[in-house]
Amino acid sequence: MPLIAPRRLAGPGATAVVWGLDRPLHPGRSCSGFETARQIECLASMMAARFVFLFRTAGILAIGGVGGSLAQWIGLPMPYLTGSLAFVAAFTIFRSRKGARAVQFPPLLRMTFVAVIGTMIGATFTTDLLAVVPSLGLSMTAMVLFVVIALAGNYALFRKLGRYDRTTAFFAAMPGGLVEAVSLGEQAGGDVRVLSVQHFARIVLVVMIVPLLFLLWTGETVGSASGQSFEQHAYRTVDIFVILMLAAAGMALGPRLRLPAAHMVGPLVLSAAAHVSGLVDLNSPAWLLNLAQLVVGSGLGSTFAGSTGRQLIRAFSLGAVSTVLMLALGIGFAMTLARFMLVPVDALFISFAPGGVTEMGLIALSLGVSPVVVTCHHLFRIFVTVLVAGTIARKSRQRASAGHGGSGDSIGR
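Be aware that the sequence shown starts at 12, since it is given in this note's numbering, and climbs by one per residue.
A few of these clues could be false.
[Said to hold, decoys possible] Label-pair distances were calculated between CB atoms; the ranges are:
(1) P145 with S328: 37 to 45 Å
(2) F62 with V159: 46 to 54 Å
(3) L227 with G110: 46 to 54 Å
(4) Q198 with V332: 21 to 29 Å
(5) G110 with V291: 47 to 55 Å
(6) F105 with Q198: 26 to 34 Å
(7) P145 with F66: 53 to 61 Å
(8) T248 with R108: 41 to 49 Å
Hints in this document: simulated from the structure, not taken from any laboratory. The beta carbon of each residue, even a glycine, is placed where N, CA and C say it ideally should be.
With the hints as extra help, turn the sequences into a complete structure.
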């Protein structure tokens, strides 16, 4: 029997059911204004609510950790992101079907680790990476066209076959960046569950299909999602401190600059600028990246309450069609560009495959292709995708607001 009855408090500082099992009391509220006995009761209830909230959050992360570890053992791409997302989503759906309330995952915790991921991506922008850019001008220009065509084609697919609303269809159509696409889509009011499944399907299918295509093409097995990671130099404690500092500064700077997916892009831009200028030279620990993927994946998985099997099957099926079409488009671009560039067609195909940066880099490494070239293309693809999608969504909202007084079925509404 609970120490405090589950009744709603009345008074200046009360806003939630006393024991608040599903969410803590608003951090800006207090228990002032009550009599001494009621203040003690209120404070006790707030402490109990926060303890239960933290306990449940730890439970979600533990479930995500099991899923991530299993995914790593199996050899899935981005195991701690995809595995935690799948396991926590399954747990959340099971709870919702049993009639239990959805447990809220702390949004600030997820956003913090989104910023950490952005900082780590920005750390890959080095002077060595930028040195190869001039020789890739043609393929980089073609990447912009690839992003626009893929975005338009996917949008038509998700609107006509998936019958998604405009916002969800648009951000599901982004040909790159699970975290970036979901962050932008969530910010614009899209269905986070659908966005997560669509981009989850894209990442998994690309990493499964690309090695198979090379096996059929060359007859050689390509190592991809075997749980490997690039060789890393020993990191220092100060590296972790600087990563967290850049992430925090980027989270504050991004919204002020009105960047798309500000909590992601802000730290990315700040970290990239710091590395290219030579101010810092960080070695990101693999465990921190895994932890960031675990937190982000668990947070996304916790949004799946109320999803049905039919909805998930439809989203994954559409994602499969979208992925196959983008891979076919990538093959076309690679074969065309190979006629005008010194870069071999296999390296160009990997560069245009809409998969994860790390996984595509691993495939390039196993083929003897410089992962720097491939990484450069994929980072540019993500940057262009976020820039194009964010700009189109912002312009759409502005036109809808100017022409219809803020109403209308525009992207981002």
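Using the C-beta atoms of F105 and Q198, is the stated range 26 to 34 Å upheld?
Roughly 28 Å apart at Cβ, these two residues keep to the hinted range, so it holds.
State, for the Cβ atoms of P145 and S328, whether the hinted interval 37 to 45 Å holds or is violated.
About 42 Å separates the Cβ atoms of P145 and S328, which means 37 to 45 Å holds.
Falls inside 41 to 49 Å, the C-beta gap from T248 to R108?
holds, 45 Å
Quick check: does the Cβ-Cβ distance between G110 and V291 fall within 47 to 55 Å?
Given a distance of about 51 Å, which is inside 47 to 55 Å, the answer is holds.
Falls inside 46 to 54 Å, the C-beta gap from F62 to V159?
Holds - the Cβ-Cβ distance for F62 and V159, about 50 Å, lies within 46 to 54 Å.
Please check whether P145 and F66 have a Cβ separation lying inside 53 to 61 Å.
holds, 54 Å
Should the hint that L227 and G110 are 46 to 54 Å apart at their CB atoms be regarded as holding?
Given range 46 to 54 Å: holds, Cβ gap about 48 Å.
Between Q198 and V332, is the Cβ distance one that fits in 21 to 29 Å?
Holds: the Cβ-Cβ distance is about 26 Å, inside 21 to 29 Å.
When each numbered hint is compared with the structure, no violation occurs for any of them.
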